[in-house]
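Now for the letters of each chain:
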Amino acid sequence: MAEKTWVRMVTAQTPTNIAVIKYWGKRDETLILPVNDSISVTLDPAHLCTITTVAVSPSFDQDRMWLNGKEISLSGGRYQNCLREIRARACEVEDKEKGIKIAKNDWEKLHVHVASYNNFPTAAGLASSAAGFACLVFALAKLMKAKEDNSELSAIARQGSGSACRSLFGGFVKWIMGKAEDGSDSLAVQLVDEKHWDELVIIIAVVSSRQKETSSTTGMRDSVETSLLLQHRAKEVVPKRIKQMEEAIKNRDFGSFAQLTCADSNQFHAVCLDTCPPIFYMNDTSHRIISCVEKWNCSEGTPQVAYTFDAGPNAVLIAHNRKAATQLIQKLLFCFPPSSDADLNSYVIGDKSILKDAGIEDIEDVEALPPPPEIKDAQRCKGDVSYFICTKPGRGPDLLSDESLALLHPETGLPK
Amino acid sequence: MEEKTWVRMVTAQTPTNIAVIKYWGKRDETLILPVNDSISVTLDPAHLCTTTTVAVSPSFDQDRMWLNGKEISLSGGRYQNCLREIRARACDVQDEEKGIKIAKKDWEKMHVHVASYNNFPTAAGLASSAAGFACLVFALAKLMNAKEDNSELSAIARQGSGSACRSLFGGFVKWNMGKAEDGSDSLAVQLVDEKHWDELVIIIAVVSSRQKETSSTTGMRDSVETSLLLEHRAKEVVPKRTKQMEEAIKNRDFGSFAQLACADSNQFHAVCLDTCPPIFYMNDTSHRQD
Numbered sequence: 001m002a003e004k005t006w007v008r009m010v011t012a013q014t015p016t017n018i019a020v021i022k023y024w025g026k027r028d029e030t031l032i033l034p035v036n037d038s039i040s041v042t043l044d045p046a047h048l049c050t051i052t053t054v055a056v057s058p059s060f061d062q063d064r065m066w067l068n069g070k071e072i073s074l075s076g077g078r079y080q081n082c083l084r085e086i087r088a089r090a091c092e093v094e095d096k097e098k099g100i101k102i103a104k105n106d107w108e109k110l111h112v113h114v115a116s117y118n119n120f121p122t123a124a125g126l127a128s129s130a131a132g133f134a135c136l137v138f139a140l141a142k143l144m145k146a147k148e149d150n151s152e153l154s155a156i157a158r159q160g161s162g163s164a165c166r167s168l169f170g171g172f173v174k175w176i177m178g179k180a181e182d183g184s185d186s187l188a189v190q191l192v193d194e195k196h197w198d199e200l201v202i203i204i205a206v207v208s209s210r211q212k213e214t215s216s217t218t219g220m221r222d223s224v225e226t227s228l229l230l231q232h233r234a235k236e237v238v239p240k241r242i243k244q245m246e247e248a249i250k251n252r253d254f255g256s257f258a259q260l261t262c263a264d265s266n267q268f269h270a271v272c273l274d275t276c277p278p279i280f281y282m283n284d285t286s287h288r289i290i291s292c293v294e295k296w297n298c299s300e301g302t303p304q305v306a307y308t309f310d311a312g313p314n315a316v317l318i319a320h321n322r323k324a325a326t327q328l329i330q331k332l333l334f335c336f337p338p339s340s341d342a343d344l345n346s347y348v349i350g351d352k353s354i355l356k357d358a359g360i361e362d363i364e365d366v367e368a369l370p371p372p373p374e375i376k377d378a379q380r381c382k383g384d385v386s387y388f389i390c391t392k393p394g395r396g397p398d399l400l401s402d403e404s405l406a407l408l409h410p411e412t413g414l415p416k
Numbered sequence: 001m002e003e004k005t006w007v008r009m010v011t012a013q014t015p016t017n018i019a020v021i022k023y024w025g026k027r028d029e030t031l032i033l034p035v036n037d038s039i040s041v042t043l044d045p046a047h048l049c050t051t052t053t054v055a056v057s058p059s060f061d062q063d064r065m066w067l068n069g070k071e072i073s074l075s076g077g078r079y080q081n082c083l084r085e086i087r088a089r090a091c092d093v094q095d096e097e098k099g100i101k102i103a104k105k106d107w108e109k110m111h112v113h114v115a116s117y118n119n120f121p122t123a124a125g126l127a128s129s130a131a132g133f134a135c136l137v138f139a140l141a142k143l144m145n146a147k148e149d150n151s152e153l154s155a156i157a158r159q160g161s162g163s164a165c166r167s168l169f170g171g172f173v174k175w176n177m178g179k180a181e182d183g184s185d186s187l188a189v190q191l192v193d194e195k196h197w198d199e200l201v202i203i204i205a206v207v208s209s210r211q212k213e214t215s216s217t218t219g220m221r222d223s224v225e226t227s228l229l230l231e232h233r234a235k236e237v238v239p240k241r242t243k244q245m246e247e248a249i250k251n252r253d254f255g256s257f258a259q260l261a262c263a264d265s266n267q268f269h270a271v272c273l274d275t276c277p278p279i280f281y282m283n284d285t286s287h288r289q290d
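Residue numbers (this note's numbering), protein chains in the order written: chain A, 1 to 416; chain B, 1 to 290.
Note that these hints are calculated values from the structure, not bench results.
Being a predicted model, the structure only gives us computed values, none of them experimental.
Where is the CB? At the ideal position from N, CA and C, for every residue including glycine.
Just so you know, not all the hints are guaranteed correct.
Heads up, incomplete: computed chain B residues facing chain A, CB under 8 Å, no partners named [as the list claims (entries may be wrong)]:
#1 Leu228
#2 Arg233
#3 His269
#4 Leu273
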């Protein structure tokens, strides 16, 4: 009689995050330990997320992974770190209904299949590895019934990709740099949840870029090795800013939040410029967006919008509230209208209701927008922005119980 | 019998200069004293220069100036500083041929006319105020027979425009930041002359720009007030780089020279980016790597 095989499967969804106090520079390349703390805001997974299905079965003869439909190698150090660390924490699993019983010491002999999918383009520079590794670690932990809490899991996700550790929580999250050599205290904690400051609206401008960007890993290593300003930033500037940012978030002090966010984004890019060879992540469009925001904030007397840029030209704009976000999208659509053949429905995605609030239903409404009064001789730069995403602070990782959302077939364990 | 009037005139030509270790930030706005030393290379005036004619005559009833053909006001602090400082150092002048005799104390009663012309566009951002103020000071010093040497004159040009002090010499020049409160020791000295390393060739790409740029004066003040990296640069980085750059120039060590010049340019722009609001002087064309 043929032994009936089984497949145990779990599907998880994880958000991505954007740092408002930046991580740039490692003190340990292997364990991915940073030179300073960082703070991020988690984005709503309804708009930007990674979905990962992990499956285990005695019929699998090797670990395999598919990313966005394409099989990839799991042999790299980062994947191996995550797999090893979770396997070491695997516990007994019993599913009487399916007749599955896995003892603690069975796990090391079993192989896993992983299928992962980002609902946003990898090329858009929207931190897909953060969401990806966080999801992998979270899903594997659920599959293997590890008992660790999300902070402990974040220390493992960190070894896949530094910023992944911050995607283990919703709301505002802090990655504590830690002191221990083994990185056991370098992990993420939640500062406040996503409801604490839920009037914030986040608009991401995905900026057209011809340039292949320097990878974060290479870039920050070059910065550590060659920037004479980086150590001063890490030792003197960031510790103070972290404290001030925690206060600003706790007190919902948007003025301070915006000033700190913009200053830290600019300083991160300043360190990139101070690197040898110099790294330019922002381009003329990025600068134009900053200029728009700075002029508006100045004319209002108190900041309406904060901006921050990661290792790429995309702008993440955080508006104080819905009203500010509505005005912002009007100004942005004036300055960066879609190219003539673009469809408005795909030009602003995510929470599309922002367009309705702004009184914009079709291309004619975009063309009729008035120039922002605070900008002299405002130019309309068609095609400089590929599209906009409207979102908000969001929740942390979750299991998806709906089997139809699983990316692997429940019987074969292969991609659907 | 009508008194015959006279005009005494002097024409000078001054080069511009480009800093290879940058000046960015003042510790004193009025005296124009910098937060760090800087080093520059003087460019050949045959290609880029300011030509200035200064004239004095009892028939002039006020100080007047024309820049590139357009009359401009001399009432601003920077022009007033230069005029006052040179006038204070004016000496006796005697031109027997023209029948001109000016006593030291006559100078304060007489007015000057100044005409200045840059052979390169002001809008091109090629440091026209450096060449301009250096030329004004140098020409006035010759007109008024001041005895000061070029380093002492550079301390006066400095009060017109900081980087002007470095245009009082050819070759490679250092602007010593100085320590004195009155700025008397904040002046330029020549490191080496233009023959020392004459195989260097300089190509300037004048990049098309739609943007109106932030003025250096405003920009560096904002940087001093808001950049948390500027002080570290001024206190820790530039002093070492200045020493290394002097060595590199002395030894014609192009490898070190290039590494230092590029690194310092990038760090200056990094400080501009670290300013609130951020200043972007370079654009995509400046950056293009592919």
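Here is what the structure says about each hint:
no.: 1; hint: Leu228; result: holds (5 Å)
no.: 2; hint: Arg233; result: holds (7 Å)
no.: 3; hint: His269; result: holds (6 Å)
no.: 4; hint: Leu273; result: holds (4 Å)
In terms of the numbered hints stated before, the structure departs from none.
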